[in-house]
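Asks: Residue numbers (numbering that gives the first Met the number 0), protein chains in the order written: chain D, 0 to 250; chain P, 0 to 253; chain C, 0 to 234.
The hints are simulated quantities; they were obtained by calculation from the structure and are not laboratory data.
Any given hint might turn out to be false.
Only pairs whose alpha carbons sit at most 27 Å apart, straight line, appear in this in silico DSS-like list of lysine-lysine [said to hold, decoys possible]:
#1 C:K49 - D:K70
#2 C:K49 - P:K52
#3 D:K121 - D:K109
#4 P:K52 - C:K221
#5 D:K94 - C:K221
If you want the building blocks of each chain, they are given just below.
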Amino acid sequence: MLELTGVCKFFGKNEILKGVNLKVDSGDVVVILGPSGSGKTTLLRCINFLEIADKGTMVFGDKTIQLRRAKKSEVAFVRKKTSFVFQNYNLFNNKTALENVTEGLIYGRKIPAKEARDIGVKALEKVGMLDRSDFYPSQLSGGQQQRVGIARAIAGNPDVILFDEPTSALDPELIGEVLGIMKKLAAKEGTTMIVVTHEMSFAQSVATKVIFMDSGVILEEGEPREFFVHPRHERTKQFLRSILYETEYNI
Amino acid sequence: MFRYRLDVAWEYLFKLLPYLSVTLFYMGGALTIGIVFGAFMAMMKLGKNRPLKYFAIGYTAVMRSLPPIILIFLVYHGVPLAVRRMFQVNLSGMNTVYFVILALGLSSVATLSEIMKSAYLSVSGGQYEAAVSNGFTPFQAFRRIMFPQALRVSIPNLSSALIILMKEGSLGYTIGLIDIMGRADLLNSTSYGNDIYEIFFTLAAIYWLASILIDGGCHFIENRLSLERKIELNEIKKAGMIAAAEQGGIVRGS
Amino acid sequence: MVLDFGFMKSSFFLALRGIPVTLFITVMTLLISIPIAFAIAVARAGKKRKTLNLLFSVYVSAVRGTPVIVQILIIYTMLPDLLKFIIEKLALPFNVYAINNIFYAILIFSFSMIAFLSEVFRAGLRAVGRGQYEAALAAGLSGFRAYTRIIAPQAFSAVLPVLCTSVNNLIKTSSLCFAIAVNEITGIIRVAASRNLHFVEGFLVIAAIYVIICMAVELCFKILENKAKVHRVSA
């Protein structure tokens, strides 16, 4: 459904992405792992043009788009078919939870207000935030805000949802509620997701494909069982070892 | 349309500059009054004495809402009247500049007390607690820990306040003060409005340059006081001591 | 101290006639300045506009560094000449000298307000943060909609306190347009007081009026700020 080829991105003199290829099929849950600075967030942001890649091609459905020279209509097309969940939630501070979900529907996807409201209510219900639909972000906890962020993302019925470290900014107790919703989306709704995260439990239990990135390239990819039990690259082994030590060290 | 003759402007520059000293004089005077009494007023605002606190807050609120020109007029007309009625002293011979200093001083007490209060509050109370728990007396804690940090924090606001003081003082020409603005006004009437552009553009340029210098000066002071610079100097000192030790010399003040 | 309270009372009612003028000047100036200043702030927030940024920095620095009275005198002298020049070139049937001084006052104050407000709005936009803009784009809103529905409202809420100070400063500065013969509060009282030399009483009345007006403005802003508290920008 979505395929990226040869994505390169420079920030000044730093080459952050050095020719990345990614293939995502419908229903896939792709988890991208890697140390910080490996370019995983940049890759994600290149997909919906929050960053403009310097080189590369995207095939989305039946359209082929040159990433560097993408036209406004092509960008709008991709943004209609994708949704983004941010690490810092980025809920619209001056809108209620429900309004946060409906803004994009009414003004981005040109859905009439009444229909948008119904969709919004359903989305909030799915993430368990319906009772707080007229609360403002400043009145919600981090976990609740991120759940609204996810509702905002699913309301548009996108082909792919992009998650940028959705739980990294949350208190440990709140991580579970967000991951739970993501797992439900993957299992029950069959949503196609590309997730950048450090949460190994999610990668192991929900992912259909795990990708390891380091220094701007994809070093290894495969199914979770293969990946975690029989990693091929030395660097991957190193990374997994350090992560596992972390989980064993919980004093 | 209008002409701006550079040679004439240049002449006027030198006719105006000597009177900059008057401007600087009342700026300094008002600033001194503002700092001294502003410090007291800040303490009133931060203290527990209710009547004093309300007085300070009310005074600041009134000064904040009063146009500076009205204050200048009030001081110029009102103070001699009051002094004559109360002390039977005739102030008619007093140089106008002192009225301007008084007026600007009254207003700057309000602004500076606000600046000092917020600077003091922005330095965290934890610093003070740590200081007194480790042997400092409250006065020492204030002098060595709170004050330097508060000073550093308030410098940008101080530079703004100084520039505003300079601009408000220009209104002194309405009561006859001959500072650069007053002189410019005089020169303009003596030239029957012919040289108006040369005079006032030059005047504006002088003010503009002065404001840039004040800003730059305060930036410079801020840099010298900054923590980064302290760390830098520390590194330099350490490097110096290491170099001296390697040469077998005696290390001073370690 | 013996003050002429009778004069104070009569000049108070006289001064009331000047209040509409002050309010008119203030409101018109704000109506012109706020949109333009906001547009400038947005334009400067974009990343790659070095010459534009430099130009505006110079403009803001000049307005900040020169006394308002000097700005008034310069622009008031220059503008009619400039207008006459344009009118003659375009051969318009317009009498420059018929323009009421009030409009010059509004233009002059807009000139300086735009400079100050653009800095205020720049700070406000910075406070809102790029994440809000990105989220809006990712949700499908166009740049324009993102600004009007998400960014601008938050920027406004964020700068309300500073905006209050700016409006009060404008009101105080408007007292200076007696210099160009505008019949606002200060001008009226000055004329009245010059007849019976009771300056102190007259100026006390003016002072009281300005203090009341400014405090009323502060009250309005406090109410607005309370309403906007819910839109508090989250960290």
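Asks: If a hint holds in the structure, say so; if it doesn't, say that too.
Replies: Status of the hints after comparison with the structure:
For the proposed pair C:K49 and D:K70, the alpha carbon gap of about 26 Å is at most 27 Å, so the pair holds. About 48 Å separates the Cα atoms of C:K49 and P:K52, which puts this hinted pair outside 27 Å; it is violated. Proximity of D:K121 to D:K109 is assessed by CA-CA distance (about 18 Å); at most 27 Å being required, the pair is judged to hold. Using a Cα cut-off of 27 Å, the hinted pair P:K52 and C:K221 holds, with the two alpha carbons roughly 21 Å apart.
Distance restraint check for D:K94 and C:K221: the Cα-Cα separation of roughly 21 Å lies within the 27 Å cut-off, and the hinted pair is therefore satisfied.
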